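Residue numbers (numbering that gives the first Met the number 0), protein chains in the order written: chain W, 0 to 172; chain A, 0 to 584.
No lab work stands behind these hints: they were computed from the structure. Where hints are given, some of them may not hold.
[Unchecked claim] Capping the alpha-carbon separation at 20 Å, the derived lysine to aspartate or glutamate pairs in EDC-like fashion look like this:
1) W/118 with W/89
2) A/180 with W/148
3) A/206 with A/285
4) A/291 with A/252
5) W/82 with W/134
6) A/338 with A/200
7) A/300 with A/285
8) A/313 with W/72
9) A/187 with W/40
10) A/353 with A/222
11) A/180 with W/21
12) A/313 with W/85
13) A/180 with A/2
14) A/338 with A/527
15) W/101 with W/134
16) A/206 with A/344
17) A/383 with A/527
18) A/383 with A/535
19) A/313 with W/171
20) A/189 with A/165
21) W/118 with W/72
22) A/349 with A/275
23) A/189 with W/134
24) A/313 with W/21
Predicted, not measured: the structure shown is a model, and the values here were computed from it.
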Amino acid sequence: MNETGTQNETRSHTFSVLVDNETGVLHRVVGLFSGRGYNIDSLTVSEVDPVSGYSKITIVTSGSESVINQIREQLRRLVPVQKVSDLTTDGRSVQRELALVKVNGTGEDRVDAMAIGDKFQAQIVDSTTESFVFEIVGSSDTVDRFISEIMPLGLVDVSRTGIVAIARGAEEM
Amino acid sequence: MTEHRYTGGDIILKALTDQDVDVVFGYPGGVTLPLYDRIYQQNKIRHILVGHEQGGVHAAEGYARSTGRPGIVLATSGPGATNTVTGLVDAMMDSIPLICLTGQVVSNLIGNDAFQEADTTGITRAATKHNYLVRSTDDLARVMHEAFYVATHGRPGPVLIDLPKDIILGEGQYIAPEDVKPRNYNPKIKGEQEKIEAAVDLLASAKKPIIYVGGGVVNAGPEASHMVTQLVRMTGFPCTTTLMALGAFPASDPLFIGMPGMHGTYEANMVMHDCDVMFNIGARFDDRVTGKVDAFSPDSKKVHIDIDPSSLNKNVSVDIGIIGDAASVLEDILAIWDKKQPVIESAALKGWWKQIDEWRGVNCLAYDQGPKIIKPQFALETLKNALAGTDYYVTTDVGQHQMWSAQFLHFDEPNRWMTSGGLGTMGYGVPAALGVQVAHPDSPVVCVTSEGSLMMNIQEMNTISKNGLPVKILNLNNQILGMIRQWQELFHDNHESECDLSGGPDFIKLAEAFGFSALQINHPADVETGIRHMLETPGPVFLNMAVDRNECVFPMIPSGAAHNEIVLGPNHEMKTMDDKANVMA
């Protein structure tokens, strides 16, 4: 039996799931997670191959090793699922998230906000006399840090994409 | 050359014909009227008009389980579709291939809360292996053929196709099954050779083996069952089959030690607990089999062969997991065994059988048939004897009578035993018997049931008699929800909360009203005559048998207990006390 600590330890895993882009496919994947009691920490989905009609779903989840194995195999059981890769175990991966961050402020706060934006290489994609919208791209950790630094300067709204990820190196999915 | 156009209704019927479908269980409704109009004008496919769509699904399950071919259901939109849900989940849990066709409101009304509209694909997404909403009549033939492929490949299951009325009325192209480009859904059939070799070596080296056979073997076709039989007889190892696999190995063979699990035999559970090699073919380590997982077969190396990769290491970690179809893997196992000619541990095996025979000697299914009240076990043992020598099929409902049937009836061939295993659906038995009898019109088909379950799909008795089907229903009438009462007695201070069914309908009059011959048996002395009379009377027959309301199913592994904590029945307590008394005397 699985008595060892490593087996029961909860770890975060990022799955990349290539699916047929058909009605209800996202519902199937999400329903699998809710129906079997798995966590979804982040979820993104978009069509990636219009010719073959494939979409890619990136799911960040967490669980013990046996739960993670179940998630992988349960995903593979779904008929419209073409490929499942666990980017956490299958090798190294690049993970990115984009956030749009609205900051309201005037005077010194504006200057400070711009400085923080520069430090994080965030773009200003909209500005008025009393607001900025920053666009920041980076790891979730970077986005978290940017948001916490800019918060005291008048943060009013945040939209985040959730994580997209891809395996490093030359190999296809 | 102009392409021939067909109406959606004709495409559906043509696709069913090309998939060798001969019978559909259905119920018409507003949006499926155009399809029923086409059904009216053909005679290749037989339509059985059921009494309720849930009954239709269970009938299709009975048909599928007893033939190995997918069962077909046709229901209308809205309530017709929602009525199929329990049956679909039942088929999903027990891996039964079904195609369920549902009508849907006209495409441009979808989402408008139209009359008899329901989000059928949304509702059944978790109740099916896969489902489709057809959006163009040109796509209909492809979807139909793909649905058959998905339902029958890999781990079988129910597939639903939702058909808006305009799709049925519209025109489109037809493509034959062989012209449908196979979808990228290719379950692995052939097991990894290295792992199979390792599994054979492990099995051959076993000193205390058990071959544990599950429903996957039945789903892999009769040949898989025959190969299991060959493997067991060649090795001389003990064999146990799960509730879903009764008949996959002949119950009459001395190497068969009964069913494992909560109400399995003492010997099967002790063997599962004490074995050193557990060789699981097509079973899924269901919680009703394993009991407390932490204490499950603690000292064994385990091999698990399953077509569904998610079944491996789901409930129990195994040493060798082989993904593949049971028939294909068994073929490889037999070939490897034949090539290697391994020497088995004969001396150890002799000791193992000696131990097993001691456990068998406990006679765990013993019951005390007194002179007055009929014991359900006695009724089923009598039924077993009366059926002997015929190629019979049995369906059950869910509860005590189901477990006693599993314990006392014997099956020597697969596909002869139809029961709701995973979902435990009361109301399965009567419609399943309908489906089985439609598939096997000349074979004896018996439904063993009890009043609680019977009442849940009793309307299908009408379908049975209307179609002249000679189904025999044995109602073990104990005036109570027996399994509920048993658990209340054992675990809830005997509080008989809401399980009393006394004062129910006059089942004899009811059966007669449904067109059955009916008879009542109340005394143990009349049991055999009654059962023979039921089997020998032509046409549909209903036997209402008054049985002991206070009987419990034993042995029993209480929920969450280990196999070696199995509880034997009161007869054994008495026996033990008698033994003590003898010692003291």
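Right, here's what the structure says about each hint:
Only pairs whose Cα atoms come within 20 Å are accepted, and residue 118 of chain W paired with residue 89 of chain W is rejected, the gap being roughly 33 Å. Between residue 180 of chain A and residue 148 of chain W, the direct Cα distance comes to roughly 55 Å. Violation of the 20 Å bound is thereby established for this hinted pair. Using a Cα cut-off of 20 Å, the hinted pair residue 206 of chain A and residue 285 of chain A is violated, with the two alpha carbons roughly 25 Å apart. At roughly 30 Å between alpha-carbon atoms, residue 291 of chain A and residue 252 of chain A are farther apart than 20 Å, so this suggested pair is violated.
Proposed proximity of residue 82 of chain W and residue 134 of chain W is contradicted: the alpha carbons are some 31 Å apart, above 20 Å. Between the alpha carbons of residue 338 of chain A and residue 200 of chain A the distance comes to roughly 12 Å, so the proposed pair stays at or under 20 Å and holds. Taken as a hint, the residue 300 of chain A and residue 285 of chain A pair is honoured in the structure, with Cα atoms around 18 Å apart against an allowance of 20 Å. Straight-line distance between C-alpha atoms of residue 313 of chain A and residue 72 of chain W comes to about 10 Å, which keeps the hinted pair within the 20 Å bound.
Proposed proximity of residue 187 of chain A and residue 40 of chain W is contradicted: the alpha carbons are some 31 Å apart, above 20 Å. The hinted pair formed by residue 353 of chain A and residue 222 of chain A fails the criterion: a straight-line CA distance of about 31 Å is larger than 20 Å. Using a Cα cut-off of 20 Å, the hinted pair residue 180 of chain A and residue 21 of chain W holds, with the two alpha carbons roughly 17 Å apart. For a cut-off of 20 Å, the pair hint linking residue 313 of chain A to residue 85 of chain W stands: about 18 Å separates their Cα positions.
Of the supplied pair hints, the one linking residue 180 of chain A and residue 2 of chain A holds, its CA atoms being roughly 19 Å apart against a limit of 20 Å. With a CA separation close to 51 Å, the supplied pair residue 338 of chain A and residue 527 of chain A exceeds the 20 Å bound. Our distance criterion of 20 Å between C-alpha atoms is met by residue 101 of chain W and residue 134 of chain W, whose separation comes to about 9 Å. For the hint pairing residue 206 of chain A with residue 344 of chain A, the CA-to-CA distance comes to about 6 Å; that is within 20 Å, so the pair holds.
For the proposed pair residue 383 of chain A and residue 527 of chain A, the alpha carbon gap of about 11 Å is at most 20 Å, so the pair holds. A threshold of 20 Å between alpha carbons decides the hint, and for residue 383 of chain A with residue 535 of chain A the separation of about 15 Å falls inside it, so the pair holds. At most 20 Å may separate the alpha-carbon atoms for a hinted pair to count; residue 313 of chain A and residue 171 of chain W exceed this at roughly 29 Å. The straight-line distance between the Cα atoms of residue 189 of chain A and residue 165 of chain A is roughly 42 Å, outside the 20 Å bound, and the hint therefore fails.
About 42 Å separates the Cα atoms of residue 118 of chain W and residue 72 of chain W, which puts this hinted pair outside 20 Å; it is violated. Distance restraint check for residue 349 of chain A and residue 275 of chain A: the Cα-Cα separation of roughly 14 Å lies within the 20 Å cut-off, and the hinted pair is therefore satisfied. Proposed proximity of residue 189 of chain A and residue 134 of chain W is contradicted: the alpha carbons are some 51 Å apart, above 20 Å. With a CA separation close to 29 Å, the supplied pair residue 313 of chain A and residue 21 of chain W exceeds the 20 Å bound.
Violated hints, listed in ascending order, are 1, 2, 3, 4, 5, 9, 10, 14, 19, 20, 21, 23 and 24; each of the other numbered hints is respected by the structure.
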